[in-house]
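*Asks:* Chain by chain, the residues:
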Amino acid sequence: MKKKIIATLLCASMIVATLAGCGGSAAAPAADAPAPAAEDTTEAAPAADTADATEAEAPASGLEGEIHYAYWHDALGPYLEECKANFEAANPGVTIVLEPTSWGEYWTKLETAASGGAVADVFQLNGPNIGKYASAGIIVPIDDLLKSSDIDLANYPAALLDLYTVDSNLYGIAMDYDTIGLWYNKELFDAAGIAYPDENWTWDDMADAAAKLTSGDQYGIIAGCADQAGFYNTVPMYGGYILNDDKTKSGFSLPETRAGIQCWVDLMKAGYSPSQDSITENTDSVLFMSGKVAMLMAGDWFAAEFQSDPEFAAKVDCTYIPTVNGKRVSVIHGKANCISASTQYPETAWKWVEYLAGPEANEILGKSGAAIPTHKDYSALYFEQFPQYNMAIFADEAQNMSCPYPTSKTAAEWGDVIWNELIMAYTLETTVDEACDNIAEKMDALLASE
Amino acid sequence: MIAPVTVGLIIFYFYPFFRVIRDSLHDIGSFDRDLGFVGLENYITMMHDTEMWQALGNTFKYVAIIVPLSLVFALLIAVLLNAKIRGQSFFRVVYFLPAVTMSVAVSMVWRWIFNGDFGVLNSLMTTIGLEPRQWLSDKSTAMLCISIVSVWTNVGYYMIILLAGIQGISRGYYEAAEIDGATPFQKFYKITLPLLTPTIFYVIIMLVISTFQIFSEIYMMVDQRSKAMKWTQSVVMHFYRSAFSYSKKGYASAVAVLLFVIIMALTIFQMKMQKKWVNYD
Chain C
1 MKKKIIATLL
11 CASMIVATLA
21 GCGGSAAAPA
31 ADAPAPAAED
41 TTEAAPAADT
51 ADATEAEAPA
61 SGLEGEIHYA
71 YWHDALGPYL
81 EECKANFEAA
91 NPGVTIVLEP
101 TSWGEYWTKL
111 ETAASGGAVA
121 DVFQLNGPNI
131 GKYASAGIIV
141 PIDDLLKSSD
151 IDLANYPAAL
161 LDLYTVDSNL
171 YGIAMDYDTI
181 GLWYNKELFD
191 AAGIAYPDEN
201 WTWDDMADAA
211 AKLTSGDQYG
221 IIAGCADQAG
231 FYNTVPMYGG
241 YILNDDKTKS
251 GFSLPETRAG
261 IQCWVDLMKA
271 GYSPSQDSIT
281 ENTDSVLFMS
291 GKVAMLMAGD
301 WFAAEFQSDP
311 EFAAKVDCTY
321 IPTVNGKRVS
331 VIHGKANCIS
341 ASTQYPETAW
351 KWVEYLAGPE
361 ANEILGKSGA
371 AIPTHKDYSA
381 LYFEQFPQYN
391 MAIFADEAQN
401 MSCPYPTSKT
411 AAEWGDVIWN
421 ELIMAYTLET
431 TVDEACDNIA
441 EKMDALLASE
Chain E
1 MIAPVTVGLI
11 IFYFYPFFRV
21 IRDSLHDIGS
31 FDRDLGFVGL
41 ENYITMMHDT
51 EMWQALGNTF
61 KYVAIIVPLS
71 LVFALLIAVL
81 LNAKIRGQSF
91 FRVVYFLPAV
101 TMSVAVSMVW
111 RWIFNGDFGV
121 LNSLMTTIGL
131 EPRQWLSDKS
141 TAMLCISIVS
151 VWTNVGYYMI
161 ILLAGIQGIS
171 RGYYEAAEID
181 GATPFQKFYK
191 ITLPLLTPTI
201 FYVIIMLVIS
211 TFQIFSEIYM
221 MVDQRSKAMK
231 WTQSVVMHFY
241 RSAFSYSKKG
251 YASAVAVLLF
261 VIIMALTIFQ
271 MKMQKKWVNY
281 D
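Heads up: the sequence lines are chains C and E, in that order.
For the first sequence, the residue numbers in this note's numbering are 1 to 450.
For the second sequence, the residue numbers in this note's numbering are 1 to 281.
I should point out that these hints are in silico values taken from the structure, not numbers from a laboratory.
Cβ coordinates follow ideal geometry from the N, Cα and C atoms, glycine included.
Accuracy of the hints is not assured; some may be wrong.
[Said to hold, decoys possible] Heads up, simulated EDC-like pairs for lysine to aspartate or glutamate below, C-alpha to C-alpha not over 20 Å straight-line: (1) E:Lys187 <-> E:Glu175; (2) C:Lys269 <-> E:Asp138; (3) C:Lys249 <-> C:Asp416; (4) C:Lys109 <-> E:Asp223; (5) E:Lys230 <-> C:Glu429; (6) C:Lys109 <-> C:Asp416; (7) E:Lys139 <-> C:Glu429; (8) C:Lys292 <-> C:Asp217; (9) C:Lys327 <-> C:Asp396; (10) C:Lys409 <-> E:Asp27; (11) C:Lys409 <-> E:Asp34; (12) C:Lys442 <-> E:Asp49; (13) E:Lys230 <-> C:Glu434; (14) C:Lys442 <-> E:Glu51; (15) C:Lys249 <-> C:Glu441; (16) E:Lys230 <-> C:Asp416; (17) C:Lys292 <-> E:Asp117; (18) C:Lys269 <-> C:Glu429.
[Claimed, not checked] Residues from chain E that keep clear of chain C, each with C-beta distances beyond 12 Å, as calculated: (19) Met1; (20) Ile28; (21) Ile65; (22) Leu80; (23) Ser89; (24) Leu97; (25) Met125; (26) Thr127; (27) Glu175; (28) Ala182; (29) Phe188; (30) Tyr189; (31) Ser245.
Make the full structure from the sequences, and use the hints.
*Replies:* This is the structure we're talking about:
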């Protein structure tokens, strides 16, 4: 009899577990379930009408509200802390809440928050995602706000203003920019008796050096699958393109585009690079900083990371990316601060964005050495933080040989398509042609749906 | 009195459950915009999605590897820890620890053990003169590595349940067997195993359900951008990527519904089959 009871209990718990088990996985997509609750609490807090009321009787710079600011790049922390302190001191009614999220989680978290209407008041966006957020009306255009502002757009790189213009509305001012250079480990070059790379280097010079620098567990270059730091630069150098100018067709069926990818895969095939698997598992900077790889094509953003290891930082330097057929192109990209359409304090949010685009914030950013400030009067401050490196090349590339970062409304989606296909080519599981055929087909379909 | 439980169940289980079924019949784009009722279109897309079939195949493989291994090891350790040995409670704690550790934390540590360049496993391999491998990227080993971690976390929990089951068996049976001169093996096969079948049945059902939902080990150990994702992703991982990386929540809901149907069918099948082998008295 007792056994029967136990058996019944076990069965009952199993049924509950089945429900719970399935419910658990089923619960996830209904992200809007907790969302209404979140909305309620924010509304219950200082609601819209209280803001209006205080606005009427507040003193001159009487901004008020709590502005949540979401970003992903850890190195920006100290710069943002300082900006927050200054902004709050100038506007006593305002609290800025900094919300950093790691790169791996940022986009998932941001989209989930935006779906539930609980997204940060101001958040950073990048090139691949701006079209998606702008066309869904998650962020607001700033054209009208700029009219009554001191900001002069002529001070910012045109390529980045273009990047954040969707359907001829500007949605954000880029706060920083980066271009791509060739970082190299001087110690390994010295040991192999090879002259350091310079502005005269061609792609073939680089490949030759990579061959000579490869021996034992040491590699010449990191030739992993990378868009901004990789084929986004070589594709235009070979005369191809990722996306055509009117954003209606991908360039992946062109032989020139494929050549710009093949040149990386060739380095991989020749064994001059750590395998793609090894790069995926450890990331390029970790491998480069292990001192076992001689060259890494990457942005200026690594300067700050390298400095966290002073011993290693002393061993490296950077120069222009090598040329292909006499042509040198670096893609230019920067992240922008955008204002949520659902913020309760649009005016305060704009003032914060305006402050971050202004001289004071640009100066703080430059001195922090975390990223290149976009305001042209302050970019030099950043380069002064790294006197030991040939950092001027990044500014020269930005001004004289940059190409805009390819993006469109479905860029986040075709970005994934490109990656998932090319990863198979870089791991040598398939050919570049086969991968590009698939990309061209899928990307064109996405572009047609825009 | 039951209000707190019921309200919780309704909000966190029943509402999402029916919501998912509804969503699976709608086209839901980025930012949860409902683009309208589409009937069974999501299910039809799923039937033609090679990635879905691959994920389903992977999941069945996980079940085939993880369920028997977890059960065998859990049973073995439960029997060993039932014996009167020195430091019995110490060993019970040691084996139970992985079960109370977050699987995310566990996976993080294992990820480093398996790392192809700086991992402990590879440095051991090279010390004894074997070729190092990219354990988590290699098609032939990635799934096995994930399964090992899953088994390792499962064993402690199910060991405790089986141990409780063993201790519920009356000493009288063993004493009678000893008088008849039974060996320890005979005692295990003729007494412990048959009388433990209700617990084993429960353990198998729970293992099948949890393994069909394997996710965190894969999420933590395989980079989303790794080529190995294709070979290792489970149905839940595919669901997660569809819903949150590719913002196709309608389609993802259809995946969740399919998983529910599969698990339910398998559980009903097992409940029917229990008459053949589960011994209730």
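*Asks:* None of the hints should be skipped; say for each whether it holds.
*Replies:* Taking the hints in turn, this is what the structure says about them:
no.	hint	result
1	E:Lys187 <-> E:Glu175	holds, 10 Å
2	C:Lys269 <-> E:Asp138	holds, 17 Å
3	C:Lys249 <-> C:Asp416	holds, 17 Å
4	C:Lys109 <-> E:Asp223	holds, 17 Å
5	E:Lys230 <-> C:Glu429	holds, 13 Å
6	C:Lys109 <-> C:Asp416	holds, 17 Å
7	E:Lys139 <-> C:Glu429	holds, 11 Å
8	C:Lys292 <-> C:Asp217	holds, 7 Å
9	C:Lys327 <-> C:Asp396	holds, 15 Å
10	C:Lys409 <-> E:Asp27	holds, 19 Å
11	C:Lys409 <-> E:Asp34	holds, 18 Å
12	C:Lys442 <-> E:Asp49	holds, 14 Å
13	E:Lys230 <-> C:Glu434	holds, 17 Å
14	C:Lys442 <-> E:Glu51	holds, 15 Å
15	C:Lys249 <-> C:Glu441	holds, 10 Å
16	E:Lys230 <-> C:Asp416	holds, 14 Å
17	C:Lys292 <-> E:Asp117	holds, 11 Å
18	C:Lys269 <-> C:Glu429	holds, 11 Å
19	Met1	holds, 18 Å
20	Ile28	violated, 8 Å
21	Ile65	holds, 19 Å
22	Leu80	holds, 24 Å
23	Ser89	holds, 25 Å
24	Leu97	holds, 23 Å
25	Met125	holds, 15 Å
26	Thr127	holds, 15 Å
27	Glu175	holds, 20 Å
28	Ala182	holds, 23 Å
29	Phe188	holds, 20 Å
30	Tyr189	holds, 20 Å
31	Ser245	violated, 7 Å
Checked against the numbered hints given earlier, the structure breaks hints 20 and 31 and satisfies all the rest.
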